[in-house]
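Colleague: Spelled out from the first residue to the last, the chains are:
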Amino acid sequence: AQSVTQLGSHVSVSEGALVLLRCNYSSSVPPYLFWYVQYPNQGLQLLLKYTTGATLVKGINGFEAEFKKSETSFHLTKPSAHMSDAAEYFCAVTLNTGGFKTIFGAGTRLFVKA
Amino acid sequence: GAGVSQSPRYKVAKRGQDVALRCDPISGHVSLFWYQQALGQGPEFLTYFQNEAQLDKSGLPSDRFFAERPEGSVSTLKIQRTQQEDSAVYLCASSSPAGSRQETQYFGPGTRLLVL
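Protein chains in written order, with this note's numbering: chain A, 1 to 114; chain B, 1 to 116.
Don't read these hints as lab results, they were simulated from the structure.
All residues carry an ideal CB built from backbone N, CA and C; glycine is no exception.
Where hints are given, some of them may not hold.
[What the hints assert, rightly or not] Simulated restraints, written as ranges between beta carbons of each label pair: (1) S14/A - K57/B: 41 to 49 Å; (2) D18/B - T55/A: 43 to 51 Å; (3) Q80/B - G53/A: 27 to 35 Å; (4) A1/A - K78/B: 39 to 47 Å; (5) V29/A - A53/B: 17 to 25 Å; (6) A38/B - S14/A: 44 to 52 Å; (7) Y39/A - P61/B: 37 to 45 Å; (8) E15/A - S62/B: 39 to 47 Å; (9) H82/A - N51/B: 39 to 47 Å; (10) G53/A - R81/B: 45 to 53 Å; (11) L20/A - G72/B: 18 to 26 Å.
[Claimed, not checked] So, partial list: chain B residues that the calculated Cβ filter (under 7 Å) puts toward chain A: (12) G42; (13) A53; (14) D56; (15) S96; (16) S100; (17) F107; (18) P109; (19) R112.
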């Protein structure tokens, strides 16, 4: 069965510092991988996704993620944190076959210190 | 254009009451998803529609949960005889084209349900 693990329910960084949010997945078939961001009292918004092709994916707001099949990972990074990046981040996976279920991780709350 | 809308935004129900939650997807989107998000957790898949057909309901937690999309646009999630463990935010998402698992899902703001 597929699953998603996000290491660290809370991550705190200083403004201008590197952001690294970790995501590992398990899947028996090639996955589609997503990162979504959720601001308070708002719906989830797509940051970026990996479907096929280039394993380094660039998204909105300066975020990027790299699909590493050998490590079953899809970590999210941003070189320099901004105060506006403070939010909840969710990693998610769907499979290219079978049902239509999307599995989300438990989320990582990012705090950005001035 | 308008995004996904959900109503009501907040709902308080007494234990045992029935509730109905509405989702208006983005116009033209044929795929529609319902999720349940408990406090401090990620969204949990409930069910999926392609137009009016409910193709995956594997995530519905019990037979008290029922979803429909009779005309392939607006969808309603109904919870019968609500229990306290049903308290959560219910999210709706839509996407296009039909049946493509790699497409971006566009989420509504959610309905926060509190069962007393």
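Colleague: Which hints, by number, does the structure contradict?
Modeller: Those not satisfied are hints 3, 4, 6, 7, 11, 13, 15, 16, 19.
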